[in-house]
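*Asks:* Each chain, written out:
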Amino acid sequence: MEAILGKGLEKRYGKVKALDGLDIRVEYGEIYGLIGPNGSGKSTFIKSLLGIVRLDRGELFALGRRAPSKALLKDIGYMPQEPALYYNLTVEENLRFFGKLYGVPRLEEVVEEVIGLLRLEEKRRELVESLSGGMQRRVSLGAALIHKPKLLLLDEPTVGIDPVLRAELWDYFRRATKEMGATILITTHYMDEARRCDRVGFILAGRMLAEGRPEELVRGVGAEGLEEAYVKYVKG
Amino acid sequence: MLALAIAWRVFKSLRNDRRTLALIVVAPVLVMLVFGFAFAGDLRGVRLIVVSNDPVVNAELLSQHLSKDMFEVVALQDPEAAREEVEEGRAWAAVIVPQGFSLKAREGRASVQIYVDRSNVLAADRISAEIARGFSSIARAFGFRPPVTQNVTYVYGGEAGFMDAFMPGVVSIAIFFLSTFLTLVSFVLERRSQTLYRLYASPATELDIVLGYSIAFSAIAALQVVEVFAVSIVLFDVKVRGNMLLAIAAGSLLAVSGVNLGLLLSGLARNEAQAPQLMPLVTLPSILLSGVFWPIEAIPELVRPLSYVVPPTYAIEAIRAIVIKGWGIAEVWPQLGALAFFALAFMLLGVVALKRRD
Ligand SMILES: Nc1ncnc2c1ncn2[C@@H]1O[C@H](COP(=O)(O)OP(=O)(O)OP(=O)(O)O)[C@@H](O)[C@H]1O
Ligand SMILES: [Mg+2]
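Those sequence lines, one after another, are chains A and B. Taken in order, the first sequence gives residues 1 to 236; the numbers are from my numbering. Taken in order, the second sequence gives residues 1001 to 1358; the numbers are from my numbering.
These are calculated hints, taken from the structure and not from any lab test. Since we're looking at a predicted model, the values are computed, not measured. Where hints are given, some of them may not hold.
What the hints assert, rightly or not - For lysine-lysine, the following DSBU-like pairs were computed, each having C-alpha atoms within a straight-line distance of at most 35 angstroms:
1) LYS100(A) with LYS74(A)
2) LYS17(A) with LYS1355(B)
3) LYS1355(B) with LYS100(A)
4) LYS148(A) with LYS100(A)
5) LYS1104(B) with LYS74(A)
6) LYS148(A) with LYS1355(B)
Based on the sequences and whatever the hints tell you, model everything.
*Replies:* Written as structure tokens, this is what we have:
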């Protein structure tokens, strides 16, 4: 059983084909990197899995159930590409609200944990609107992690986050999969991050070009490294 | 109950948003002042020409028997000149009292000539009525005989001022407008900050979202209803004959339907810019068709059925009955029921609208 399985996914926005027969397979307990140029359909795929947009065609399963479905959502954590937060609430209040939505038990303790993880101690009582962009992204990530979901969908989670915290977050992602058995799907444009994934998928124009372990993909096209492999796949 | 978490979140956000908070408190007073003074102000300083060749019933006597607030009486000599004043719009009305009027009046064969500019029907009718009242008053004082005297008994609203009659309409429109507008504007923020899509991705259902907003904004609107009634009573000196709490309940039910309509409109909008554009499409007809300015009976029969599908119609009927006639729940329950029905229907439609996805 796969954590995510999509077959022949199609999604149009008017004339634009955002997803054009996308196939994707994400296994339980792995970190999967979805890599592709701007406008290739990465965010659209994540949104269709969550039911934020409706697929035109295709079959999609997550955690062993047909997706999207409301029942699945309590087990999924989502960090949108752009922070979606309440700007008139403080950092704590945002985290608490999202915690309540997911019915998190012992919420205060969990909020403390997340604030610690994301180094938000000094900003906890500030309104989100007054935070820097990077700080807002941390809060947005915190809201995705608050209920310790089985499946994490992170849309460019480390953009605008400083290198020290970025390294710490990757340690956390690794721990989450190893110790808590979570599955993580990440989109990114950073090749060093792609290399750290268990498996990656190269997506272009709404189609999957190749899927596999980073070293397999590098070998497959006889490239030196992942970056070169990516360019080779994308250029066909 | 995720709806409660969402309602609580709305209140928390408001606490940190001083500007919206101020708007919530100040807007009802402002809207009441604008609507109140614009639509329901008493006529004042109306220029009235009096031409009299009668020694008793002259301009001075007439002005003593007429409302001093309403009229500014001007005496002229020439009936033709008086008529011209009215025709050229320099005076609203002219009264020509013929020679020997007071003698003939004792025998009951007197008549006066009155010219009224009726280009504004509402104003003209009030002016004619006041002149008639003035002559009745003179007739009683001097023992004139019919047909000069007249007897009218007001079944309802005998002691009511102009504003008393208008207040139910003004209050209802203010409540409906404010509740719809505030909810719509707040919900637009949820789209703009993308948090709506974040909610879609959470276990909260569309019903939780609509219900949460409805709870929060209905509570806010109920406070505004109290405020709006307070303004009517304190500033416009409206007298409430019936149960004040019942009138507030009727206003609150209208507010809830306004809140839910605001949510429905935000749900129908495809993007954040569209929502406010939908607002006048709904509020304007409601204002025109609900019987604020003219009775529903004066609305052409072809469009009259539409009057019964706008919520303020029922609130105006109920509040008018409670405030002026002193009716109770036994009489106004059908109107309250209709308002509750609208609130529920808008809420369910709002849920359906939010369920739509790109
Ligand atoms: N709401 C929308 N309406 C119309 N077109 C859209 C909408 N959302 C996305 N698209 C289009 O769908 C295509 C895929 O967009 P998507 O956001 O999924 O790309 P992406 O891979 O996430 O890109 P990026 O790396 O820039 O985040 C693009 O051509 C985009 O213009
Ligand atoms: Mg994207």
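*Asks:* Evaluate each hint against the coordinates.
*Replies:* Results for each hint:
Taking the CA atoms of LYS100(A) and LYS74(A), the gap is near 11 angstroms; set against the 35 angstroms cutoff, the hint holds. A hinted pair counts as satisfied when its Cα atoms are at most 35 angstroms apart, and LYS17(A) with LYS1355(B) qualifies at roughly 23 angstroms. In summary, the hint linking LYS1355(B) to LYS100(A) is supported, as the alpha carbons are separated by about 22 angstroms, within the 35 angstroms threshold. Using a Cα cut-off of 35 angstroms, the hinted pair LYS148(A) and LYS100(A) holds, with the two alpha carbons roughly 13 angstroms apart.
Distance hint between LYS1104(B) and LYS74(A) is unfulfilled; the C-alpha atoms sit about 93 angstroms from each other, more than 35 angstroms. For the given pair, LYS148(A) sits about 27 angstroms from LYS1355(B) by alpha-carbon distance, which is consistent with the 35 angstroms threshold.
In terms of the numbered hints stated before, the structure departs from hint 5 and from no other.
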